[in-house]
Structures are given as C-alpha cells and as structure tokens.
Amino acid sequence: MPAPAIELRGITKRYPGVVANRDVNLRVESGTAHAVIGENGAGKSTLMNILYGMVVPDEGEILVEGTPVPMSSPADAIAAGIGMVHQHFKLADNLTVLENVILGDEPTGRAGRIDFEAARTRIVELGDHYRIPIEPDALVADLSVGNRQRVEIIKVLYRGARVLILDEPTSVLVPQEVDELLKNLRRLTGEGLTVIFISHKLDEVLTVADEITVMRNARTVAHTRPAEITSRELAQLMVGSELPTPEPRTVEVRSEVGLRLESVSTRGRGHETSLSDIDLTVRSGEIVGIAGVEGNGQSELIETILGLTSPVGGRVLLGTEDVTEAATSIRRRLGLSYIPQDRHREALLLDATLWENRILGHQMHPPINRGVWIDRKAARADTERIVADSDVRTPSIEVLASALSGGNQQKLIVGREMAGEPRVLIAAHPTRGVDVGAQAAIWTRLSAVRRAGVAVLLVSADLEELIGISDRILVILRGRFVGEFDPAAIGPEDLGAAMTGADAA
Amino acid sequence: MRVLLALLLLSAVADIANTPDLLSRGAVSASLRFAVPIVLAGLGGLWAERCGVINIGLEGMMIIGTWMGAWAGFQWSPWVGVLAAVAGGAVFGAFHALMTVSFGVDQAVSGIAINVAALGLGRFLSSIFFEGQVGGGISQSPHVGQIANVSVPGLAEVLDPIATLETPVISDIAEIVIGVTTGVSLLTILAAALVFLSWWVLFRTSFGLRLRACGENPAAADSLGVNPNRMRYAALTVSGALAGLGGAFLVTVASSIYREGQVAGRGFIGLATVIFGNWMPGRLTIGALLFGFTDALRTRQETTMTALLIVGAVVFAFLTVRAVRARNRGATFAYAIAAVGLGWWFLGFGVVPSEFVGFAPHLTTLLVLSLAHQRIRPPQGIGVPYRRSEAN
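Chains as they are written, first to last, in the numbering used here: chain A, 1 to 505; chain B, 1 to 392.
Hints in this document: simulated from the structure, not taken from any laboratory. By construction, the Cβ of each residue, glycine as well, lies at the ideal position given by its N, Cα and C atoms. Possibly wrong hints are sitting among the right ones.
Stated by the list, open to error - Here are some of the chain A residues that sit facing chain B, going by a computed Cβ distance under 8 angstroms:
1. Leu-91
2. Gly-190
3. Glu-191
Stated by the list, open to error - Chain B is faced by these chain A residues, among others (derived, beta-carbon under 7 angstroms):
4. Glu-65
5. Val-69
6. Pro-70
7. Pro-74
8. Ala-92
9. Asn-94
10. Thr-96
11. Glu-99
12. Leu-103
13. Gly-104
14. Glu-106
15. Gly-112
16. Ile-114
17. Arg-131
Based on the sequences and whatever the hints tell you, model everything.
Below is the structure:
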C-alpha cells in the first residue's frame, strides 16, 4: 500500500485557556476526497491551518507522502505541494484575477519584471485542463462568489499543489454552484489530486467524500466511509448527542401588521443594488423568509427598514406608524430589533465586556436608561438574566465579548435583541458560523418569539433554515421580489433556481 | 485633446487679463521647481499607502531631509547632501515601520509623532551643528551649494524667435518647451525618472505586485508566502527616502540653505495628491504640477492670479452646462453660482484679495482634482494593522 498523501500524527495545539487540537490523527490517502467534519470549535480549522503552515503545532508531526515535513509557514506547505482554499477567500479585490493567482509565485524576466503573457497562458491552460474556466483580466471585485472560489482553486493549482484543502467550500454558494463545485472536486481527484475539505453539510459530505473523519472537542473521534454510515449517525458523532431540527409551525398568524413596506425603491451607490418597488408585509406572529444570492438587495432592504438608507420612493411602516423619515433610534423605540449578519462588525464591541455589549442599542430604553444616565446595575442584572435564559456559556458577564465562541456571542445578541419586547425582529443570517447546538437554541428562540406575536423577517443563505422555520419565503433577485413560496411545498433546489433567476422565462 | 483645450484657454486668458507671465518660460520653470518636492512627497505617500500604511510622517521625513541635506551639503558637496537626505528620510521611514508594523502603534499617531519629533530634532541639531558656523544659527544652516542645472543645447536658440513672435498658442507652446528644457535641475530630472520608475516597479514587477497585494489584503499575501510585515518595512523605507529626497530638493535646488519651517506643509500636500491622484503615480504628478503652477504664479506676481479668476469662471461655466445636461439640479446651481461669482469678481474688482492669494494653490488643486471625474479606488487594506494571529 502506498504511503498516504498526508498523515498527521499526534497533533496538539494549545492556546491560552483552550486546547484547539488534542492528539489529532488524520490519514488521507492519495487521490481521494477526504471530508473533515465537526461542530464549530471542534478544531477543524485549526487543524487545517496547521497543515497549511499558518499555525505551528505544539506537538506531533506532519508527514507528506511518508516523509516528515516541518511546516512553519504557508511557503513550506506550498513547497510540499499543499494548497488551501480558505473559507473567507484570500483575494485582493482591486487586483485582477491574474495578479491574484500569480502573487508570490510570479513568472519574472529581467529585473523582476513580470511576464504577464506567460502567466496568462498558464492560467488559461490550467482552466481548460481542469475545466474550471476563469477570466484572467477581470477584476476580482467584479466576480461572483462562485467565480472567486474558482480563482482560489486555480491559484492553488497554479502552485502545483497535489493536495487541496478546502475550508467549508460550500457555505457561501447557492445550490447550483455547489453542484458545480462538487463536480470540479470529483474531476480533481480523478486527475490524481487529493482533496481535503471541511464541511457542516452532511449530505454533501456523503455524496462527494471517499472517506470521512469526524472531530469533536478538539479530537478526532471517528473515521469512516460514506457507505458505512447515515447522515443522522454522522451528525450524532459530531454533536455527541441527539440532533436538533427546526421546530414545525404551530401558531396562527395574527392579522395585525408588524412591518410593512409599500413600493419602496432606493438608489444604490456604486456597486450596490438598488431596490425597486418592494412591497412587503410581515404580520405579527409570522416569520417571513428572504432568500437570495448575496448582493441582490438583502443588505439594502435591511438598511432601509432600519433607517440607515432612506428610500427614494415608497413608505416604511412599523405597525401603523409611518417611519419612512424616522431616525433609527425612533424605530428602535417603536419596537424594531435587529440581529445583524456580521456580529463582529455590527452587533458587538469585541473589546468590551458582555454587560457593556448588552447596553448597545438599548442605551435610550429602560431598564438601561435612567434619564441621562446609564444604569450599570440594571445592565449587569439584565445581562445575567440573558446569560441564564439563553444558556450563554461564559465564566462571567465581566469577560470581553471576544472571549466567547461564535455561537455564544450570537446567543447573547439574540437575547439582547429580544429584551424589551420587540414588535418586529430582523434576523440576518442568525445561525451563520455557529455550531449545531447554538443553531438549535437560536431556532427555538425564533419560534418562541413568533409565538409571542413578533413579526420576524428572516434573511438567510441557509435554505434549510429558511424552509424549516419560515411561514412564507420571498425570493429577492436584483433588488426585486421575484417569487413567493410556501416552504411546505418547496425544496432547496427549486428555491436555488428561483434565486439565480434560472426559472425566469 | 484636453491638454490642447486647456492650453488654448490659458493662452486666451493671458491675453484678456493682460498677464503675459501666465505662460512664460519663467513661470513654467518656476512651476517645476515648486512641484518637484510635492511630487516626491506624493510618491513617498504612494509607496506607503499602496502597501497599506498611511504615512502622515511625510512632512517630518521631509524636514529631516532638509536638515540632513544641509548638514552634509554645506560640509562636503550638494550631492553628498542629497544622499544624506535620502538616508535620513529612509531611516525615519523604517522607524515608522518599526512603530506601526512591529509595535502596533496607530499609524496616524506614529506619523504625527514623527512630524513633531522632526521639528524639534531639526532645531536641536541645528543648535549643535549650525550655530557658530558662518551664516548658520539655530533656525538656519550655512550656505549650501546647488545641484547643477542642465539645458538641452541649442533648443532655446531655435525656439526663442517663435516664442517672441507672440502668436497665440504657438508662442506659448514654445515658451513652455523652453521652460522645461533650459536650466532644469538634475534633481528635477531624477524626480521625473522616479515617477516613471515608481510606476514600473509597482505595476510591472513581482516586487510591486507583492507590495500592492499587502496594501489590498495582507492576509491573502501572507497565505501565499509573501510576508506583509517585511513588505511594509520595505515600502516605508522607500517612502521615507523619497520624502527625504524631496527635502534635499528644497535645500539644494529651490534654495541654498536650510531654514526652519521651510517644508511648510509640502508633505501634507503630497499626501493629498496621492488621494486625489487615485493612488496612481501619473495622476499624482499632475496634481503636484498643478499645485506647483499656481504656487509659482502666486510667488512671481500676485496680479497673475487674476487670470485664474477667468479660468475658474470658464471652467465652472463648462461644468454648469454639463450639469444641466446630466439634469443634476444641485450641481447646476452650485457651478452656476461659482461661474457667475468668479466672472463678476474679475470684472468688478480685477484683483484677487491678497488674503486669498496664499490659499489659491491649495484651493485650485483641490477643485481641479476633485472635479476630475474618476472612480476613487483606495487600497483596501489601508490603515489596517496586520497581525498574523488574527488572519484566520
């Protein structure tokens, strides 16, 4: 039996306070697609970063085709024929595809002059060979997410990698793009390359992987093949217990309107999509899902509702109140809550304590606000309540928000936004990047909120989530609603087709 | 085409306003002299910002350049002064890198600190090295020799008859050509070469690509084996060296002495041309030349500034027409007021109030560059410190 393409033996990596990898062993055979699965925080990303030389392990060794290789930087990994496609693409937007691909490994002539012709030929050849067509002279800023991922793959192949690591490659793609990617991965292994990929999505893992390694609590806990296991069993291995599913709908939608948009249009700046003629009604006790490929007007829609962008036409109503011209603080006072999509950028101050974060957005509302003063005691007390109610796992409310895992940060945010009895909740990708446990907790909260009569607008890229908890799903494409679906009667594939406009005549 | 139009406009204005100095050879060569330090500061800013670091310390690095240039220049030769200025600037550039890259100090704070420190250092060092020397003192250096000027031989003699013909446009072109080919400092030629060289290195070589990548997305560069911290050290050292050279120019070409306050904000203006020049060396140079031109007019003869009133009125009238076509009501209104206002001022008073004269170069450059229609595209990693552990 030939030596495995990659073998990791006894890898341990400690960070102050946590062990990210504990005695991890991984064996990847040459020419196979190997999936590494596990909850967020299970240590998958750390392991992949170790393999790619971005993190140096405290213990253990890395063998490439049977020989131990010291990995202290990505350059070592590249030299050993290992390439990585990161979850958050490592691309420079203002550079062209070609420049991004050749960066760090440029074909040069005299005096360091780049031979652009040779590079272009090489990239086009690679694209043809693996049937991953890309346009060398396009600006990365103008590319779709799927195309950016192609650039990343070409970038890795350009460096002559024999082993490709893909970190959650499908999390940002729509179903059609996922199919395309999985086909490409199959083609790569067919050519004798080795693919290691991280995923949350078990159905994909089962279709495309030859072998599967499961991680839990910083260890590798199982190694198996798709034929030998079901997705339910896999999930239980990951979580170590029973699985959560979105709770089915049980409540009546009330007749009173929570949020209404009447033929709202916006004018986009630069790259932004503009909304045209958006009509939307979310009733109390209803979850309306917004599906769409990112960048089709979701952010503009949210900003318009929040009052960050003012529409050029139409009206925005909260309940019966016309808030089209109202400031965001007034809208919040009227009961508007918001779970932003990027918690680090919009929802939290990472360098502030949990109770200070609790104040954000409520600085003008009781119980936090007392005249011109902030009531610190009340803020602390209410943070304790959220931590207890929402099962936020933290040593104390005095720790910095950055010390919490993504799932716990999100639970804190959801708890905060639920405080003060909101009437309307905007939830943008509420479970993005959180582990299965926290996901279940957040879904339960959303359902509870609906039961309490809040009007919920759920913007998500996770089609399972949309179908699982929405009462209605609206599809947004290029700033317009192009379809309304009943989640009970639609599958992810149909939704995906509507999102890309594939079914539009 | 646009250049020709601008020339035609200036030529006509020179006649109408009766300010022959507007396009004289003297004005042209003075413009160059005023523009070069700003070009060099701008290039310094460009190198730093393309690599993702804002270099507010350019001003201070220029001050260091002037002092070092004078110190080495008066003892040995102006060329040694230039080398010393470049070295001094480079050291301070590297210091800025040490602060911002290695110690994680805020880029603006480090830059301001350098400006303040350079100011004090200049005075302190002057008190040690210049005081007691012939002509030297705490706020100025002894006399420094000048860098040689060169001319294209014979060209001035050939063109002079055409220039004195006083045929509109053609004579003006001859004047301009004479202005840029006679009595040009070797440092000016070096600066022009550096503009081209900067473009070539940044946009045509692998070193430049890596440097720019570190300014756009350092994490991406790092993941491909390019060390962003090392690139930032390199970029800032070059940045400081260019600013230092700009300082040397002030001491060995624009004057022949170091004087306190000599840099007079040129570092900041250079930094501004980077932004208005859309982070491109060519555009940045145009901005600097424009500033130099206005500054030269102001210094040579204040009355020439009145000609700019007409130029302004015409340009705003043109913009008004364009705004009407684009149906931009707000812009139409604003431009029309500006056009009428400037025209009325010229006809009514015929002079620019001297309070405004000093400010005219800044205002002109600001107006022209911000009105030039373009898609501003700053490097995306600008001002963001890069730490490895946060890259994932």
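A quick look at each hint next to the structure:
| no. | hint | in the structure |
| --- | --- | --- |
| 1 | Leu-91 | 6 angstroms, holds |
| 2 | Gly-190 | 26 angstroms, violated |
| 3 | Glu-191 | 23 angstroms, violated |
| 4 | Glu-65 | 21 angstroms, violated |
| 5 | Val-69 | 15 angstroms, violated |
| 6 | Pro-70 | 15 angstroms, violated |
| 7 | Pro-74 | 5 angstroms, holds |
| 8 | Ala-92 | 3 angstroms, holds |
| 9 | Asn-94 | 5 angstroms, holds |
| 10 | Thr-96 | 10 angstroms, violated |
| 11 | Glu-99 | 6 angstroms, holds |
| 12 | Leu-103 | 5 angstroms, holds |
| 13 | Gly-104 | 4 angstroms, holds |
| 14 | Glu-106 | 4 angstroms, holds |
| 15 | Gly-112 | 4 angstroms, holds |
| 16 | Ile-114 | 5 angstroms, holds |
| 17 | Arg-131 | 24 angstroms, violated |
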